[in-house]
Amino acid sequence: MMRLYRLLLRVYPATFTRRYGAELEVAFSGARREPRHSGAIGMLRFWAHILIDLVTTAARLRVARARAAYANVPRLPSQPKRTEMDTALQDVRHALRSFARRPGFTAVALLSLALGIGANSLIYGLVDGFVLRPFPYPDPDRLVAIGVTFPKLSSEVGYVEVLSPAEYGDIRSAKSLARTAAFDLGNRNISGGDVPERVFTALLLDDLFPVIGMQPVLGRGFTREELAPNGPAVGIISHRLWQTRFGADPNIINRAIRIGGQSATIVGVMPPGLLVIGTDLWLPWGADTALIPRSRRQFSILARLAPGVTLAQANAELAAIAGRVEQNEKAAIPDYEGWRLTATPWAAALLRDLRPAAFLLLGAVALVLLIACANLANLMLARSTSRGRELAVRLALGAARWRLVRHLLTETVLLALAGGALGVLIAYLGLRGAGALIPSQFQLLDLQAGVNGRVLVWSFALALAAGVLVGVLPAMQAARTDPHESLKSDGRGGAGRAGSRSRAVLVVAEIALSVVLLLGAGLLMRSFLNVQSVDAGFEPRGVLTMRLTLPRERYPGEAANAFFDRLVERIGAVGGVRAVAAASQYPPMAAFDIQVTTERQTAQPQGMIPTALITVATPSIFEALRVPMRSGRTFGAADRLDAPPVVIVNQTFVQRYLQGTEPLGQRVMLGEPKPGGAWATIVGVVADFRNSGSMRPIRPEVYMPMRQQTQWNQLFLLVRGDGSPAGMLPAVREAVRSLDPEQPVYGIQSLEEAIAQSSFQQRIAALLLSIFATVALVMAGVGVFGVMSYSVSARTQEIGVRLAVGAQRRDVVWQVVGHVLRLAGVGLAIGVALLFAGRQAIAGLLFGVEAADGMTIALVTAVLGLVSLFAAWVPAARASRIDPIQALRYE
Amino acid sequence: MPPPPRKTLSLSVLNILLALADGAKHGYAIKQDVEERSEGTIRLGPGTLYEAIQRLEDDGLIAEASPDEPAANGQEAQRRFYRLTERGWTVLRRELKQLSDVVDRARANPRLRKGLA
Chain A
6 MMRLYRLLLR
16 VYPATFTRRY
26 GAELEVAFSG
36 ARREPRHSGA
46 IGMLRFWAHI
56 LIDLVTTAAR
66 LRVARARAAY
76 ANVPRLPSQP
86 KRTEMDTALQ
96 DVRHALRSFA
106 RRPGFTAVAL
116 LSLALGIGAN
126 SLIYGLVDGF
136 VLRPFPYPDP
146 DRLVAIGVTF
156 PKLSSEVGYV
166 EVLSPAEYGD
176 IRSAKSLART
186 AAFDLGNRNI
196 SGGDVPERVF
206 TALLLDDLFP
216 VIGMQPVLGR
226 GFTREELAPN
236 GPAVGIISHR
246 LWQTRFGADP
256 NIINRAIRIG
266 GQSATIVGVM
276 PPGLLVIGTD
286 LWLPWGADTA
296 LIPRSRRQFS
306 ILARLAPGVT
316 LAQANAELAA
326 IAGRVEQNEK
336 AAIPDYEGWR
346 LTATPWAAAL
356 LRDLRPAAFL
366 LLGAVALVLL
376 IACANLANLM
386 LARSTSRGRE
396 LAVRLALGAA
406 RWRLVRHLLT
416 ETVLLALAGG
426 ALGVLIAYLG
436 LRGAGALIPS
446 QFQLLDLQAG
456 VNGRVLVWSF
466 ALALAAGVLV
476 GVLPAMQAAR
486 TDPHESLKSD
496 GRGGAGRAGS
506 RSRAVLVVAE
516 IALSVVLLLG
526 AGLLMRSFLN
536 VQSVDAGFEP
546 RGVLTMRLTL
556 PRERYPGEAA
566 NAFFDRLVER
576 IGAVGGVRAV
586 AAASQYPPMA
596 AFDIQVTTER
606 QTAQPQGMIP
616 TALITVATPS
626 IFEALRVPMR
636 SGRTFGAADR
646 LDAPPVVIVN
656 QTFVQRYLQG
666 TEPLGQRVML
676 GEPKPGGAWA
686 TIVGVVADFR
696 NSGSMRPIRP
706 EVYMPMRQQT
716 QWNQLFLLVR
726 GDGSPAGMLP
736 AVREAVRSLD
746 PEQPVYGIQS
756 LEEAIAQSSF
766 QQRIAALLLS
776 IFATVALVMA
786 GVGVFGVMSY
796 SVSARTQEIG
806 VRLAVGAQRR
816 DVVWQVVGHV
826 LRLAGVGLAI
836 GVALLFAGRQ
846 AIAGLLFGVE
856 AADGMTIALV
866 TAVLGLVSLF
876 AAWVPAARAS
886 RIDPIQALRY
896 E
Chain B
12 MPPPPRKTLS
22 LSVLNILLAL
32 ADGAKHGYAI
42 KQDVEERSEG
52 TIRLGPGTLY
62 EAIQRLEDDG
72 LIAEASPDEP
82 AANGQEAQRR
92 FYRLTERGWT
102 VLRRELKQLS
112 DVVDRARANP
122 RLRKGLA
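Chain order of the listed sequences is A and B. Letter by letter, the first sequence follows residues 6 to 896 in our numbering. Letter by letter, the second sequence follows residues 12 to 128 in our numbering.
Hints were generated in silico from the structure; no laboratory data involved. One thing to keep in mind: the hints can contain errors.
Looking from chain B toward chain A, a few residues come up when the C-beta cut is under 7 Å (computed) [to be verified]:
#1 Ala32
#2 Tyr61
#3 Glu62
Footprint (simulated), chain A over chain B, 3 or more residues, beta carbon under 8 Å [to be verified]:
#4 38–45
#5 50–58
For each residue, glycine too, the CB sits at the ideal point set by N, CA and C.
All chains, please: the whole structure from these sequences, using the hints.
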């Protein structure tokens, strides 16, 4: 806040700030602490107080200074020589005076610019904090994630948990990467102290921190010995964890804590803000990687480009590496056919899901500012037409044309800068409140958005541009003023006509831009409704979800299964609970997939390797989700580790991989097919449902009973009850505590919340775009109204003459309305064309609707027609009421 | 030095001078004092305060001073303290005299007396 004030202080004369700057800051922070300035209202009151104080005193000081400067200029008949500064100051004073003369106009102009620029600064602040520069890493554009695509498995590029240690070894050899690190993500329980806590952890193959380029603030980084296989048990923690868990204890270094049931020594604390994909704890991976097969892909790779190497060069080298591996390994591992490695800037790779909405909103909000500028330019044009005489007189008295232009531009730029300052304030307040809108998956990353230097520069640039944009048309018109004509006729002459043409052009531009926003909002709204109305195939209401990770050290092998079995049983006995299940994933975020082989292997298009979503679950999973079984049975008590393996598949699986033949009794092999691998028998078919969210197509799925595997020690709990999901939480917690008091429960949310989060982008984009479109529509309506009012009053005499010679009043009204509809029609056509030209920007966010959607266009046409007619109403009525005798008397 | 200004001082300037009549103060303390005395009816924003201070300094009515008491901490020590100059005392006294004359005259009017008790 102090930074903002310091910036604002620049409006004072430099001599004043030099003398009292520090004192002003003391008074500022003193005032901030006053009790009447606490809370949100107090905050507003405080800033209003500060801004009014700032503007009035700055104006007084500057005027006083200018006066003092002029006091020394000899007033002689000869024109005193003016310096540039004097001229500028004179322009400024002129502008201030003209604002004071028209407080209404000034307030409207200031407010629309403040809102326009403020909205832009706010969205830019969000985009800057969440998409462009989300992490505080030094030189972030050189930090890349290595992404991989296996076209045989899926067409999507993955960045997180996608590569094996052997593949990391291949990538590490790249000369274009100066430093590399690979890590596996996991959860570790930290115990000891009062409450057990699970911590999101990265397990490192190489040291991560030199790649990122940051040093611990406390203690040290990992040594080579610690990172080697079977090295000593050590860990480094995040600043966040250090503060919340260890009370910022400076003696934490070299203290042993229990991580996942084992003792490990904390050797370092990283600086604030450093979290890698939200991890708070970093441990050496520890085991020997030589034994891990090439196809066990669970590592993410972070690398820093070598000095002077471009992204394209790095990608070329990675492509060569991938080609070499393909040649050597394709025979043994068919996944490698056509595989690609790509380097992408880390932030872009990690937050790519946010980018479409972010850039769309940035563009949309810029349109709002453009419309606001067009509107103001219109107002200025109307003013300058009425000021035509003043300008003509000044020209006739020998003022240079460029002085007039400069004078008018000074006015608008001043207005825009003041609007920009207010806008920054709006953005500042808005960004403080924006945290509430951020869904929890981003809260984990601890991203921050606020007014920083880049936001200020952006706002300043926008304000400057807006000022010039608003001023350029009126200024050009002023430059064209012919003093002779203007003084002879009474302002209805050439300049007036040229003015009304530019004003019509501006209104058409406004309408076109509003149409773009309206269409965008309409399309997003429809997409959002489409997403909502997709039959998900399961019932999300009434289900509470949470996550448990059992430490392997205390729950080896089947012990974890036994724990979950008992837990499910205990929670099931709680009153009001209808069904309980434990599962490795649940809608709408299901993503784990696996290669599947059927006995009668069928050819897949383009030689794709068949894959299916794989979910490990307890028997009542379908009951908890309310998904019906189509045939066969669900898992039973007999499906144990020592019994023949069974699976349940979904209908899509049957259609795609079994050609719709009778599925029950057929056998599938999960994972890479190998001779002697275990075949599992299909015992049931479950109805299709949207396990990966409503926006993704339904994929083949396989369900495996929890009891027939021992790999999963981390499962989600789904509890369906009669009451509200939150109401069941205490009983669930109690059940967990009764089985293991050290076991934390986390990721608690209702299934409905989880679904709302997954459509967050659509929701926020539809909401914000609707707001922008409404504002745009109102501004365009005001623009139409302004143009028509002006045109009616300018043509009063003409209309009077026509009425006098027998024209019907109806015709006069129709003329006005027809004019408006023509403007609206042209604007609509241009707007639709513009949206179509830019449809790429929005396509990624649409669902179940095309960019050229007839219904949306029809709706927008109707809304626009209504608003135009509404805006035309008053001027049309006024035109029809013109009294020919009154109108002609002035002639 | 130009002669003391003859024009009447504004209410906030008068209040600032009054605040300094109690002893040297730094800017923010002046503001607090003024706001307290006026029971909140006069509010001095940072800009208003230092605009007035600048004018008073330039007119020679106040000057920088060392604080009456030693600073409690380093931050305090950096702040600038102001005191009334001889000229400041003169002008303030003259101004108050004028004001009290005005009030006396007003009191003579029975219709105004009530509000001035």
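Each hint, compared with the structure:
1. At about 20 Å, the closest approach between the beta carbon of Ala32 (chain B) and any beta carbon in chain A exceeds 7 Å, and the interface hint on this residue is violated.
2. Interface restraint check: Tyr61 (chain B) against chain A, minimum CB-CB distance 4 Å, threshold 7 Å, status holds.
3. Taken as an interface hint, Glu62 (chain B) checks out: its beta carbon lies about 5 Å from the nearest beta carbon of chain A, inside 7 Å.
4. For the region 38–45 of chain B, the stated coverage by chain A is satisfied: 4 residues place a CB nearer than 8 Å to a CB of that chain, which reaches the threshold of 3.
5. Using a Cβ-Cβ cut-off of 8 Å, 4 residues of the region 50–58 of chain B lie near chain A, which meets the minimum of three, so the contact claim holds.
Checked against the numbered hints above, the structure violates only hint 1.
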